[in-house]
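K.L.:
Got chain A sorted already, so can you dock chain B onto it with the hints?
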Amino acid sequence: MYVAVKGGERAIAAAHTLLAKRRRGAPETPEIGVAQIDQQLALAVDRVMTEGSVYDRELAALAIKQAAGDLVEAIFLLRAYRTTLPRFTSSEPIDTTHMHIERRISATYKDLPGGQVLGPTFDYTHRLLDFSLLAEGEPAAPAPPSETVDTAPAASQPPPTPRVLELLEREGLMIGEHDRGDEPTDITQDPPTYPCDRSARLQALVRGDEGFLLALGYSTQRGYGRNHPFAGEIRIGEVEVEIVPEELGFPITIGTLQVTECETVNGFTRHDDGEVRFTRGYGLGLGQCERKAMAMALVDRALQAEDHGETAVSPAQQEEFVLSHCDNVEAAGFVSHLKLPHYVDFQSELELLRRIRAAADSAGEEDPA
Amino acid sequence: MSAPATRAGYNFAYLDEQTKGMIRRALLKAVAIPGYQVPFGGREMPMPYGWGTGGMQVSAAIIGRDDCLKVIDQGADDTTNAVSIRAFFRDLTGVATTERTEQATLIQTRHRIPETPLHEDQILVYQVPIPEPLRFIEPSEVETRKMHALEDYGVMHIKLYEDIAQFGHIATSYAYPVRVNGRYVMDPSPIPKFDNPKMDHSPALQLFGAGREKRIYAVPPYTEVRSLDFADHPFEVQRWDQCCAICGATDSFLDEVILDDQGGHTFICSDTDYCRTRLARQEEKA
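Line order of the protein sequences matches chains A and B.
Reading the first sequence from the start, the letters are residues 891 to 1259 in the working numbering.
Reading the second sequence from the start, the letters are residues 24 to 309 in the working numbering.
Careful, some of the hints might be misleading.
To be verified - Here are the simulated lysine-lysine pairs, DSBU-like style, with alpha carbons at most 35 Å apart:
1) B/K52 - A/K1229
2) A/K911 - A/K1229
3) A/K1229 - B/K182
4) A/K911 - A/K955
5) B/K182 - B/K169
6) B/K43 - A/K1229
7) B/K169 - B/K52
8) B/K182 - B/K43
9) B/K182 - B/K52
10) A/K1229 - A/K955
11) B/K43 - A/K955
12) B/K308 - A/K1229
To be clear, the hints were calculated from the coordinates, so they are not data collected in a lab.
Next up, chain A with everything else stripped away, as it sits in the complex (with noise of 0.2 Å):
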């Protein structure tokens, strides 16, 4: 008797084993370690960190390391490890005006109160693979700079370096972000409804794939849902995080964050008072992920046709498209949800599909034609 292949513990465990042998890689090559991961692939953890909604350059790192470099996964399993962790209390809004500036670029003024601050970006670089890396070793130290870089965040809160769009919202020129106090969204904990708030569409975005949100503000900027942007804005490096405990009534600093944030200046439109004032969009990520932050913007401003009179026609401009569609964890679950077996659906499909031609084949030889 033919017996039907199907999966059993053993196999499961064979595989489980397997995959252990092939992350580690062959045995002659040093093992990589979670520290190595944190400071040589740091823009791989803070992916991690973005995606998966964790603030820990550990377990993110750790995580790459498990996930065998495979970010998607790595994002799954922060997650996964994130959805058992306790909630103390909700920070008060980071206030990124007092960053430890790191980077701060506009591209909307020349010069600007801060300055241009350059800082770690491969923006500029030639992409031309360095062979010096292959080498084993430290490759040859580059020259020192003529001024020494004061890399290190300053022990107290550093004075504000003014926002570019505040500076323009003050002149009038902007449209006005404003507080309404109301409790902030959490769709880790509510799912989102549609119309969404602002506060979880942001999240939603936050947490959103960065391939996918770059794909769409890339389709804006070529004509679906043009929203004419200017980088405005964009800023990376650490800020504080305040809580307030019940028992003090007053803000204390639990730590601190690095963060990139990105805000856009686009098309202009008039205003319900009958002025016209600059639209903009909004992006924000954990540690350094500029090309996330920007995609992220673009979308948001998107997001915001129907506020603007303009008529959401295209992808990016779709709420219910983009965000029940942006996390990869929900998107790579589903689609690979496709390799379980399907046997019994695919039975159904099989038994109908025969049954409509046998049907059509008798209907033939009843009626010669």
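P.N.:
Showing chain B alone in chain A's frame:
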């Protein structure tokens, strides 16, 4: 009483108690409004979306230390995902597990309802990929919620009618839409329509969890579940000319097994427990 051993560092059944409470409140609402999709704060689970996270959250919220759990996928206890989910709950609850339908108090299923009739002390938890029966006709959730609120189900009948006009049959063979308690049109999850009649007036409580879509719905015991049809095209289930090649059953859903590359095939029960039980009974008699 000594608690069963569970994985260190995790709560009983993985989810924290607040989350379980939230899911139980959604379940109570779902039971009170049969067939209505209740939004719930679906959590990330350590398995991928689409692999049963909704069913697992429902199971995790209701499982108790005295439960006896059965997990099936495609009717079988030994398919990889069923093995994996059963192992997860064994690891994180320590409860007893079984492959015998009549022994189980809690059955989590993907794509089948067991052939053995369920009884009052059982709960059947379905894994649901797309909870919205109108989704393939109307992609927008805003619109479909409105349609449910207004009981505006005309489009569904038009779709079924178009099938008949085009193919001579209603061309839906699984996830065949049902109407629950004369009110909500509901997706029974991708079970074959062969299983639809088992939902009607079932003595067992039927719970449905859709993790990615963050919806829970329910059919309380002894509730009317009607498969949509027309007076001149009544609902009918799949039939086979063959019987099960192992146990000889003529009344169960059969999976086709390809024997060779010459088109040779045979059929066996999709419900492995049903097949095994029948075989054991035949051997007893012999």
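K.L.:
Please go over all the hints and tell whether each is borne out by the structure.
P.N.:
Results for each hint:
1. B/K52 - A/K1229: holds (33 Å)
2. A/K911 - A/K1229: holds (23 Å)
3. A/K1229 - B/K182: Holds, because 29 Å separates the two Cα atoms, which is no more than 35 Å.
4. A/K911 - A/K955: The given pair, whose Cα atoms are some 13 Å apart, holds under the 35 Å limit.
5. B/K182 - B/K169: Given pair B/K182, B/K169 holds - Cα atoms ~18 Å apart, limit 35 Å.
6. B/K43 - A/K1229: holds (29 Å)
7. B/K169 - B/K52: Judged against 35 Å, a Cα distance of about 19 Å means the pair holds.
8. B/K182 - B/K43: Violated, at about 38 Å.
9. B/K182 - B/K52: The given pair, whose Cα atoms are some 30 Å apart, holds under the 35 Å limit.
10. A/K1229 - A/K955: holds (25 Å)
11. B/K43 - A/K955: holds (31 Å)
12. B/K308 - A/K1229: Measuring from Cα to Cα gives roughly 41 Å; hence the hint is violated.
Figure legend: structure checked against the earlier numbered hints; hints not met, in rising order: 8 and 12.
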